[in-house]
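**Student:** With chain Y fixed as given, assemble chain L onto it according to the hints.
If you want the building blocks of each chain, they are given just below.
2 protein chains.
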Amino acid sequence: MRSSTIVRVEAQDRRFALEGGAGTDAVHQISEYAFAVTNLFTDGDLCGSGLVLTLGDGNDIVCRLIAAYAARLPKVPIEELMANFGTVSRNLADDPSLRWLGPHKGAVHLALASITNACFDLWAKTRGVPLWKLLLSLTPPEIANLLDLSYLEGDLTQDDAIALMNREQETRKHRERILESGYPGYDTSVGWFQYDDRKLRENASDALHRGFRALKLKVGSADAARDIRRATLLRELAGSECKLMLDANQQWTLRQAEQVCEAVRDLNIYWIEEPTHPDDIESHVQLSRKISPMRVALGEHVPNRVMFRNFMARGAVHFVQADCTRLAGVSEFIAVSLLARKYGLPVVPHVGDMGQIHQHLVLFNHVVLGHEALFLEYIPHIRKHFVHPARVSSGRYETPQDAGLSCELKTA
Amino acid sequence: MRSSTIVRVEAQDRRFALEGGAGTDAVHQISEYAFAVTNLFTDGDLCGSGLVLTLGDGNDIVCRLIAAYAARLPKVPIEELMANFGTVSRNLADDPSLRWLGPHKGAVHLALASITNACFDLWAKTRGVPLWKLLLSLTPPEIANLLDLSYLEGDLTQDDAIALMNREQETRKHRERILESGYPGYDTSVGWFQYDDRKLRENASDALHRGFRALKLKVGSADAARDIRRATLLRELAGSECKLMLDANQQWTLRQAEQVCEAVRDLNIYWIEEPTHPDDIESHVQLSRKISPMRVALGEHVPNRVMFRNFMARGAVHFVQADCTRLAGVSEFIAVSLLARKYGLPVVPHVGDMGQIHQHLVLFNHVVLGHEALFLEYIPHIRKHFVHPARVSSGRYETPQDAGLSCELKTA
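Chains as they are written, first to last, in numbering that gives the first Met the number 0: chain Y, 0 to 411; chain L, 0 to 411.
Chain Y on its own, in the form it takes in the complex:
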């Protein structure tokens, strides 16, 4: 094993224009993805690279906060840092000054996520393995030491986490087959908000042809009729076997959400995503009761494990869309995945990383935590900018083999 001690931290502001309305939804009308990147330079030749997503403006803010946290990051060998990363993470998250800008949410939490992801990347690269392989090689206590489980004491202690992983170990061999078959994907790009019907038709046909069996449509128009018409069209195009999901990007009031969900009841919609404000747990509780058996997915704007626990405890979420570029990186993603396993809920990540890191994490979730291998969102628009872009064939993510988290970007 090589030695790597962090000697310098660099924040990079990288932005990528999208074409022709890609990336647009009911709230985000600008086609730009940006990454606040952390690079960890070491005393050796390795460099750890992590990132979080933003939508352009504000990316510089996250970069400045990465620099602020960088000064607080212990400059020790990476193996030493990761041996008790849960404590490291908690100390950074509870910095007495920066904490005021959160706590555990918003720009400070995004910065912490970028740094955390870079630490995991450096760790995996130091061991010369892809992230999924590193995580599969750790013992349950080693996994538990990666996690800041503070404020989850009632639901998930370190002992609980270890016991859960020990229990799943019995059936783990069976689940390792996923490494051969690849993890199923779903196509989130057939129906961006600004796409017209013609493009929607073309994309749906193309996605089915490429082997996807689950498609997502952006809704949340001021004009509910548009949403209903497009959902109906997509069901016709996709046939009755294909899973269809609707994503309202928080644009509805509870009443509007109820009305559209009622109107599409016969379309067999697999989930309704982000129907209303992401902090409004009680409205999601009410909606869930009203639209059952249709189910609710959310998470891309749920900032931390404590909020997720509240959503889960109230029955306000059915598909946990945790995102390691919204939560405090890989480690809080794992904490939320453990919680979800405890509550019997599937984790279907939102992919602020375009799936690059999450393709590793869903393998871990399935093999080690026993989560169902449902499917992982796929967004291809900026894949050419990654050094090792995720490969999806026949609708499945190929298991990545390069060392690290697969989120390193080509130089600008």
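It is worth saying that the hints were derived from the structure and are not from the lab.
Everything numeric in this text was worked out from a predicted model, so none of it was measured.
Please note: incorrect hints may appear among the correct ones.
[Unchecked claim] Some chain L residues well away from chain Y (every beta-carbon gap over 12 Å; in silico):
| hint | residue |
| --- | --- |
| 1 | I29 |
| 2 | A33 |
| 3 | F40 |
| 4 | A70 |
| 5 | G105 |
| 6 | V128 |
| 7 | E167 |
| 8 | R171 |
| 9 | D195 |
| 10 | Q255 |
| 11 | A262 |
| 12 | N303 |
| 13 | G369 |
| 14 | E371 |
[What the hints assert, rightly or not] Quick list of simulated restraints, FRET-style, between CB atoms:
| hint | chain 1 | residue 1 | chain 2 | residue 2 | range |
| --- | --- | --- | --- | --- | --- |
| 15 | L | A70 | Y | L17 | 21 to 27 Å |
| 16 | L | V6 | Y | G20 | 34 to 40 Å |
| 17 | Y | G19 | L | V6 | 19 to 25 Å |
| 18 | Y | R390 | L | A262 | 34 to 40 Å |
Ideal Cβ positions, reconstructed from N, Cα and C, are used throughout, including at glycine.
**Tutor:** Relative to chain Y, chain L alone:
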């Protein structure tokens, strides 16, 4: 009335060292208060000034975000801007890019608060009146137009807000007496976390001597015995008539909170403040049930009206500590105060502004919304830096008479 059109927006990073452990609590061990200040320069000789609190590091981040929002603020006469400020506020809060750093929380929301407060300051100065007088002069529909009530449709529409204010108008004259008597204060500075017993004794004696009849103590030690001992000591010093509040600044697990609350049950504690993580609604529900009739106060880390509504709807908060330097300024403070009135809960602001703006807002809450005139937190440590520092005598805030929000700082 003078005309004022905003022509230039300036963000200022102001920091103030506190002395001898003042300002310290269980999570914030550094004695520094900082303000991210917005100055609105106009085509006339008036300048609007708003602020939000931070704890030093990160204040520059909020200032940069103020600059980002400044470019998006309509440059129109202040009367025109405020005529539909609810829409202005919503447009800024839902900026398609910056929204990703929230939404409606964290550094972006703090920046929006600073700008909003500056707009209200400029408006009041343009009319030549203190904020409380401006707000008391507005009609209920004019007040309602100041508010972004999106995502509250189920609880509080514009019509609901107007109806509530109309109803309270009948008994308003009676409540206007508060303008003569002044609003009661409580002393939050007797028991900062790092103060030793001797200082606690001196401060308590001094506070009682100055007319305060409510005192607060910082708790949340790793060592519960210290908290219990200090609370017992303070009760002895203050006598049985004085109200005592404990503030744990989020440091406890649910179990720890239950244990300390049980241990101080005989001390007749008026509220326990921020017992655990500020996003953990369900733990506050459980604690409230367990420690009844002791009650829970929180709000300084509740970022927006939607989260407050969830706390209220679940019975997880009893004293609503809304803060116009945490929420999106004066206008979202009013929205939360309306919600609290609807839920029958008192508003006792947390004063990130050191009470300078809130001394106006509690008068509005009492006179126009019919809230009980309970008491307002008082923190004197940096009063000398304000142009018009709040005056407290015989334990009551004197009604301010200078035009504006009273939060303008002396030049550095």
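**Student:** Against this structure, judge whether each hint is valid.
**Tutor:** Each hint tested on the structure:
Its closest Cβ contact with chain Y, about 5 Å, brings I29 of chain L to no more than 12 Å, contrary to its assignment away from the interface. In this structure A33 of chain L is not separated from chain Y by more than 12 Å, as the shortest Cβ-Cβ distance comes to only about 9 Å. With a cut of 12 Å on Cβ distances, F40 of chain L stays outside the contact zone with chain Y, its closest approach being about 23 Å. For A70 of chain L, the shortest C-beta to C-beta distance to chain Y comes to about 10 Å, within the 12 Å cut-off, and the non-interface label is violated.
Once the 12 Å rule is applied to beta carbons, G105 of chain L is inconsistent with being away from chain Y; the minimum gap is 2 Å. Every beta carbon of chain Y lies more than 12 Å from that of V128 of chain L, the smallest distance being close to 32 Å; the non-interface claim holds. A cut-off of 12 Å between C-beta atoms confirms that E167 of chain L is not in contact with chain Y; the least separation is 26 Å. Interface exclusion of R171 of chain L from chain Y stands, the closest Cβ pair being 32 Å apart, more than 12 Å.
Even its closest Cβ contact with chain Y, about 20 Å, leaves D195 of chain L beyond 12 Å, as expected for a residue assigned away from the interface. With 12 Å as the threshold on Cβ separation, the claim that Q255 of chain L sits away from chain Y is violated: the shortest Cβ distance comes to roughly 9 Å. Look at A262 of chain L: its CB is around 19 Å from the nearest CB on chain Y, clear of 12 Å, so calling it non-interface holds up. A cut-off of 12 Å between C-beta atoms contradicts the statement that N303 of chain L is not in contact with chain Y; the least separation is 7 Å.
With a minimum CB-CB distance of about 25 Å to chain Y, G369 of chain L clears the 12 Å threshold, and the non-interface call stands. The claim that E371 of chain L lies off the interface holds: its Cβ sits roughly 26 Å from the closest Cβ of chain Y, which is beyond the 12 Å cut-off. Against the hinted window of 21 to 27 Å, the Cβ-Cβ separation of A70 of chain L and L17 of chain Y comes to about 23 Å, which satisfies the hint. Judged by the Cβ atoms, the range 34 to 40 Å given for V6 of chain L and G20 of chain Y holds: they are separated by roughly 36 Å.
For the pair G19 of chain Y and V6 of chain L, the beta carbons lie near 39 Å from each other, so the given range of 19 to 25 Å is not met. At roughly 59 Å, the beta-carbon separation of R390 of chain Y and A262 of chain L lies outside the given 34 to 40 Å, and the hint is violated.
Checked against the numbered hints above, the structure breaks hints 1, 2, 4, 5, 10, 12, 17 and 18 and satisfies the rest.
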